[in-house]
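Student: Going down the list, the sequences are from chains F and L.
In terms of my numbering, the first sequence opens at residue 1158 and continues consecutively.
In terms of my numbering, the second sequence opens at residue 1158 and continues consecutively.
Take these hints with a grain of salt, some might be off.
Which copy? The list can't say, so a pair holds if one copy fits it or any two copies do.
[What the hints assert, rightly or not] Below, in silico cross-link-like pairs of lysine-lysine (BS3-like), each with a Cα-Cα straight-line distance of 30 angstroms or less:
1. 1170 x 1224
2. 1222 x 1327
3. 1159 x 1327
4. 1170 x 1183
5. 1222 x 1245
6. 1170 x 1193
7. 1159 x 1170
8. 1224 x 1327
9. 1170 x 1226
10. 1183 x 1224
11. 1193 x 1159
12. 1159 x 1245
13. 1222 x 1159
14. 1183 x 1226
It is worth saying that the hints were derived from the structure and are not from the lab.
Each chain, letter by letter, is given below.
There are 2 protein chains.
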Amino acid sequence: MKITQAERDAVYKTIFNRRDVRAEFKSDPIPDDVLKRILTAAHHAPSVGFMQPWDFVIVRSDQTKLKLKQGFTQANAEAEALFEGDRKEQYSTLKLEGILEAPIGICVTCDRTRSGPLVLGRTTNLDMDLYSSVCAVQNLWLAARAENIGVGWVSIIHDDVLHQTLGIPKHIVPIAYLCLGYVSQFYDQPDLERRDWLKRQNLDSLIHEEQWQAKL
Amino acid sequence: MKITQAERDAVYKTIFNRRDVRAEFKSDPIPDDVLKRILTAAHHAPSVGFMQPWDFVIVRSDQTKLKLKQGFTQANAEAEALFEGDRKEQYSTLKLEGILEAPIGICVTCDRTRSGPLVLGRTTNLDMDLYSSVCAVQNLWLAARAENIGVGWVSIIHDDVLHQTLGIPKHIVPIAYLCLGYVSQFYDQPDLERRDWLKRQNLDSLIHEEQWQAKL
Chain F
1158 MKITQAERDA
1168 VYKTIFNRRD
1178 VRAEFKSDPI
1188 PDDVLKRILT
1198 AAHHAPSVGF
1208 MQPWDFVIVR
1218 SDQTKLKLKQ
1228 GFTQANAEAE
1238 ALFEGDRKEQ
1248 YSTLKLEGIL
1258 EAPIGICVTC
1268 DRTRSGPLVL
1278 GRTTNLDMDL
1288 YSSVCAVQNL
1298 WLAARAENIG
1308 VGWVSIIHDD
1318 VLHQTLGIPK
1328 HIVPIAYLCL
1338 GYVSQFYDQP
1348 DLERRDWLKR
1358 QNLDSLIHEE
1368 QWQAKL
Chain L
1158 MKITQAERDA
1168 VYKTIFNRRD
1178 VRAEFKSDPI
1188 PDDVLKRILT
1198 AAHHAPSVGF
1208 MQPWDFVIVR
1218 SDQTKLKLKQ
1228 GFTQANAEAE
1238 ALFEGDRKEQ
1248 YSTLKLEGIL
1258 EAPIGICVTC
1268 DRTRSGPLVL
1278 GRTTNLDMDL
1288 YSSVCAVQNL
1298 WLAARAENIG
1308 VGWVSIIHDD
1318 VLHQTLGIPK
1328 HIVPIAYLCL
1338 GYVSQFYDQP
1348 DLERRDWLKR
1358 QNLDSLIHEE
1368 QWQAKL
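Bound conformation, chain F alone (with noise of 0.2 angstroms):
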């Protein structure tokens, strides 16, 4: 199947735009046959051995948040405490996650035994089925873009509250939490590269040809 050039176009468009939302979420509902649409772009990421480790866990309810936010807010403190100075202050004020504002979170997850003990792919790297998970992350990330629904993803979150608050079996690892719901706006650049926490790297500087080169 070929990809016109305007679909190419469009593929770009959204990558160059995807951003990883915190502050904008609004409260308007994601309708079931939208968020289906996302969740099956997830389902077709690309996965180790065909595995397709991942899961999914829709969070929906204010009790379930609160308890999730209580975890952020717990190793957000602990996360904070190993700044120092002018890093310190600025990082406190630094909106990381919006657990409370998005009417729907959900749980990425990676089953490690899934389709059994042995898997075509995984016998090198034991953590490919990790990363087909994040890959899913990905698609499913670049998919709300694609219908205007915004994506954040709250890494700063201990793996034990995910596991008690969602239910999760203790050999089921959590990937993402993730954050969704249409925005008041798409930034043009990332929050971090827009605060001055840090820039954007030079491309060039990140490409070696046929050799690793001493560039950075």
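Got chain F sorted already, so can you dock chain L onto it with the hints?
Tutor: Below, chain L alone, put in the same frame as chain F:
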């Protein structure tokens, strides 16, 4: 920036028609500007704390590809020995890489020291940097598909072969070795589904409402 319905459909078309390519590579060269667009898309993946931990080592020479192919052949012999009976027989008939056929190889890596020892958002889960590089892989894969270029992820190769062959420093983690090239065709289904290795899971069985439900 609003994504139109036609643009949304283009994103879904690309996601659903993305394949892991092994046997269908053509030798036609990939123009430099096309490769640059694909790498730019990878570089615009989300990364924890905006650390952008990825690098891209571009492989073009037959000499380098031959060394990597030897690495695959060894790791694949180890892998095949783990399977038994019919499964072993079927495994031996599968083509699992296109290292020599694809005009370009790209090793996507993760520099775990990028942007310093303390990374915003990577304080709770230290693997977030690896996941960021995987997001870059998936962006690269979809951008390539949008350019009608196939990608195959070679997971059956030891990291030390990649380190040695490509001169990658010890502290840099190889995340994926990807083969890229134009293709004779993209199949409708993943190879392993088409060859009855495993079936696609029913998406509904992977969706949990509010709490994990034992379904599988």
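Student: Look at each hint and say if it fits the structure.
Tutor: The hints, checked one at a time:
{"no.": "1", "hint": "1170 x 1224", "result": "neither (36 angstroms within a copy, 38 angstroms between copies)"}
{"no.": "2", "hint": "1222 x 1327", "result": "within (21 angstroms within a copy, 41 angstroms between copies)"}
{"no.": "3", "hint": "1159 x 1327", "result": "neither (43 angstroms within a copy, 40 angstroms between copies)"}
{"no.": "4", "hint": "1170 x 1183", "result": "both (22 angstroms within a copy, 28 angstroms between copies)"}
{"no.": "5", "hint": "1222 x 1245", "result": "within (26 angstroms within a copy, 47 angstroms between copies)"}
{"no.": "6", "hint": "1170 x 1193", "result": "both (22 angstroms within a copy, 16 angstroms between copies)"}
{"no.": "7", "hint": "1159 x 1170", "result": "both (18 angstroms within a copy, 10 angstroms between copies)"}
{"no.": "8", "hint": "1224 x 1327", "result": "within (19 angstroms within a copy, 41 angstroms between copies)"}
{"no.": "9", "hint": "1170 x 1226", "result": "neither (32 angstroms within a copy, 36 angstroms between copies)"}
{"no.": "10", "hint": "1183 x 1224", "result": "within (21 angstroms within a copy, 53 angstroms between copies)"}
{"no.": "11", "hint": "1193 x 1159", "result": "both (25 angstroms within a copy, 20 angstroms between copies)"}
{"no.": "12", "hint": "1159 x 1245", "result": "neither (50 angstroms within a copy, 35 angstroms between copies)"}
{"no.": "13", "hint": "1222 x 1159", "result": "between (42 angstroms within a copy, 28 angstroms between copies)"}
{"no.": "14", "hint": "1183 x 1226", "result": "within (17 angstroms within a copy, 51 angstroms between copies)"}
In summary, the numbered hints that this structure violates are 1, 3, 9 and 12.
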